[in-house]
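The listed protein sequences correspond, in order, to chains A and B.
When we follow UniProt numbering, the leftmost residue of the first sequence carries the number 1, and every step to the right adds one.
When we follow UniProt numbering, the leftmost residue of the second sequence carries the number 1, and every step to the right adds one.
By construction, these hints were calculated from the structure, which means they are not laboratory data.
Mixed in with the good hints there might be a few duds.
To be verified - The calculated lysine to aspartate or glutamate pairs, modelled on EDC-like cross-linking and capped at a C-alpha distance of 20 Å, are:
no. : chain 1 : residue 1 : chain 2 : residue 2
1   : A       : Lys183    : A       : Asp271
2   : A       : Lys183    : A       : Glu273
3   : B       : Lys347    : B       : Glu31
4   : B       : Lys347    : A       : Asp324
5   : A       : Lys183    : A       : Asp345
6   : B       : Lys347    : A       : Asp305
7   : A       : Lys347    : B       : Asp324
8   : A       : Lys347    : A       : Asp325
9   : B       : Lys183    : B       : Glu273
10  : A       : Lys347    : B       : Asp305
11  : A       : Lys347    : A       : Glu273
12  : A       : Lys347    : A       : Asp359
Listed here are the chains, written in short residue letters.
Protein chains: 2
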Amino acid sequence: MTQDAAGTGFWAIVPAGGAGTRLWPLSRRDEPKFLHDLTGSGRSLLQQTVDRLAPLAGERVVVVTGEAHAAAVRAQLPAAVADRVLAEPSPRDSMAAIGLAAAIVERDDPDGVVGSFAADHVIADTDAFAAGVRRAVAVARDGWLVTLGVTPTYAATGFGWIERGAGLGDHDGAFAVSSFVEKPDAARAEGYLAGGRHLWNAGMFVARADVLLDLLALEHPDFAASLRALAADPATLGEVWPTLPRIALDHAVAEPAGDAGRVAVVPAAFDWEDVGDFAALASLQPERPAGPRVLGDAELVRSVDATGLVVPAAGRTVTVVGLDDVVVVDTGDALLVTTTARAQDVKRLVADLAETRPDLL
Amino acid sequence: MTQDAAGTGFWAIVPAGGAGTRLWPLSRRDEPKFLHDLTGSGRSLLQQTVDRLAPLAGERVVVVTGEAHAAAVRAQLPAAVADRVLAEPSPRDSMAAIGLAAAIVERDDPDGVVGSFAADHVIADTDAFAAGVRRAVAVARDGWLVTLGVTPTYAATGFGWIERGAGLGDHDGAFAVSSFVEKPDAARAEGYLAGGRHLWNAGMFVARADVLLDLLALEHPDFAASLRALAADPATLGEVWPTLPRIALDHAVAEPAGDAGRVAVVPAAFDWEDVGDFAALASLQPERPAGPRVLGDAELVRSVDATGLVVPAAGRTVTVVGLDDVVVVDTGDALLVTTTARAQDVKRLVADLAETRPDLL
Chain A
1 MTQDAAGTGF WAIVPAGGAG TRLWPLSRRD EPKFLHDLTG SGRSLLQQTV
51 DRLAPLAGER VVVVTGEAHA AAVRAQLPAA VADRVLAEPS PRDSMAAIGL
101 AAAIVERDDP DGVVGSFAAD HVIADTDAFA AGVRRAVAVA RDGWLVTLGV
151 TPTYAATGFG WIERGAGLGD HDGAFAVSSF VEKPDAARAE GYLAGGRHLW
201 NAGMFVARAD VLLDLLALEH PDFAASLRAL AADPATLGEV WPTLPRIALD
251 HAVAEPAGDA GRVAVVPAAF DWEDVGDFAA LASLQPERPA GPRVLGDAEL
301 VRSVDATGLV VPAAGRTVTV VGLDDVVVVD TGDALLVTTT ARAQDVKRLV
351 ADLAETRPDL L
Chain B
1 MTQDAAGTGF WAIVPAGGAG TRLWPLSRRD EPKFLHDLTG SGRSLLQQTV
51 DRLAPLAGER VVVVTGEAHA AAVRAQLPAA VADRVLAEPS PRDSMAAIGL
101 AAAIVERDDP DGVVGSFAAD HVIADTDAFA AGVRRAVAVA RDGWLVTLGV
151 TPTYAATGFG WIERGAGLGD HDGAFAVSSF VEKPDAARAE GYLAGGRHLW
201 NAGMFVARAD VLLDLLALEH PDFAASLRAL AADPATLGEV WPTLPRIALD
251 HAVAEPAGDA GRVAVVPAAF DWEDVGDFAA LASLQPERPA GPRVLGDAEL
301 VRSVDATGLV VPAAGRTVTV VGLDDVVVVD TGDALLVTTT ARAQDVKRLV
351 ADLAETRPDL L
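Isolated chain A (complex conformation) (with noise of 0.2 Å):
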């Protein structure tokens, strides 16, 4: 391998996972909000992820996902990233995955680095973001594992924080983790964004393939051995899979290796959006000179004093009046109204279809 952090011996590893519950009727159980273009830019998230970092990874991109969805995100995809997608026989949490993607580099590449970067982020300055990438992979060479920290923009509470120490000596803009926060109250979260210390967890991590397994067995000896004996013989993946561990990386390798002093962390300041929910797809697409803000075609939608977002993504004519913040969701089989303001209880919705209508998720 090479020293280029852009080039070769770093490897994406892009977790393609998640319902996506709170974007119903258009994430679907079959089609989740990965697989689909909500910024209005004519790429999936998926392949928005891809494109972000094929200046760091090339085609060194492994995408994990579920079994269901391996043929669609196969097709949107170039050929050479295709071909090493890896199926998840069933969902084994985030350590599964990502280590089965790293055990697979590990072999191929023994000095590879790798980074884990999910594929339902919106990410727009991905100029800041190839920036903190590579800076994470020149620490994460030196035996760290690496997680991107996002500078804060506002008291979030929806995510969990990163608490800085101090810098590392050899590498300026790096920083060794004090401790990961869980999703804080407003309270605290208040007093994170003021004291400056403390940044969002992104769920970004960067490490060298074998210390990110390295790390797994110190607390997980089976489960490293196992993840390194599938990647020698994946034709044993059918009966290995459902013996792993359901354990998230940050559970299984972060938090502990933090404890541990063996976690560094590398502020970037760029614009983050995981898209949870309406609200935050909502805020992702432009304004426009009246009207609600549009996801799709916008000659679709007629309004009179309306705001909030539309989706027409059903082809029709979708008209609102007298409406301010209201979320329409036009789709081939179902309609969903709301408003941002209660973007997140779409999951309670979303609960009860699932107990009277599951053909519908």
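Chain A is already provided as a structure; the job is to place chain B on it using the hints.
Chain B only, in chain A's frame:
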């Protein structure tokens, strides 16, 4: 003819016109509101109107509609009624439409009494309606132009009122009309409601056919002569129709005849709804244990913390989360989302569509 108001000698005229603009996208230019089932009864407003008149007029019903809708109208009616449908070559307001029907009745039944009842009204208490019409017919046989005055239940500003004068000596429950009042402002409407002498003008007139045409002839002799000539020689319709004045029956006959002391009013206490907008349409649908009211298949509607009206006319599932008094109308090619409070403003949307998407009207 017999003297039985519910027997031979009474003819119902049903003008079936009006765009129903504020009920878009349910009501369309090619399928106006009277052709729709707006009460979930399985019968269109037109069919319900003819059903309601059957005990009074049997099959002696003359529906007058535009040429564009004549086929659809006939298709909804029993054969004997369908055979009598009059197709207007162009819209020329209510006097021409009702007057032509009256002239044809006069030709076939010189002593016949006609009553005019719009095709797009909803009346739940058909017994009270029938009793009012029977009384009106009895009064009309004595040469009066009789209007049904609906007992008001609130200070309506949306339609005209009728002030009653002295009782008719020889007809219990019938009064001379003192004056017709245009749509009043709220303060005057409150006064009418409190005073007890005013009734709602539902636009329902009953008169001997010859009396109606003779009253018209007092003010518009050429108009009355043209209508009678058309009845005698219907083949001239295409030629004569465009020459007829565009005037409403109220202005052409009722108001002058009222001034001349020739108009009587029969108060009748039935609920009456002209379904002018989606707020009115919502009020016609039954309440449900939870969630919005539904016109159509309630199984297609799922909601969390929502009230209002859903019309799932496209057969798709419609879901609503966290909106009160919302109106969602789902049709095959267009969707409307508004509120009952803004229901009147649908006409603003339709005015915009007339410019930009006339194909959707």
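Going through the hints against the structure:
1. Lys183/A with Asp271/A: The given pair, whose Cα atoms are some 19 Å apart, holds under the 20 Å limit.
2. Lys183/A with Glu273/A: Since the Cα atoms of Lys183/A and Glu273/A sit roughly 16 Å apart, the hinted pair holds (cutoff 20 Å).
3. Lys347/B with Glu31/B: 17 Å, holds
4. Lys347/B with Asp324/A: 19 Å, holds
5. Lys183/A with Asp345/A: The given pair, whose Cα atoms are some 19 Å apart, holds under the 20 Å limit.
6. Lys347/B with Asp305/A: Holds, at roughly 13 Å.
7. Lys347/A with Asp324/B: Roughly 19 Å separates the two Cα atoms, so the pair holds.
8. Lys347/A with Asp325/A: With a Cα-Cα distance of about 19 Å, the restraint between Lys347/A and Asp325/A holds, given a limit of 20 Å.
9. Lys183/B with Glu273/B: At roughly 16 Å apart (the allowed maximum being 20 Å), Glu273/B and Lys183/B satisfy the hint.
10. Lys347/A with Asp305/B: 13 Å, holds
11. Lys347/A with Glu273/A: 19 Å, holds
12. Lys347/A with Asp359/A: 16 Å, holds
Checked against the numbered hints given earlier, the structure satisfies every one of them.
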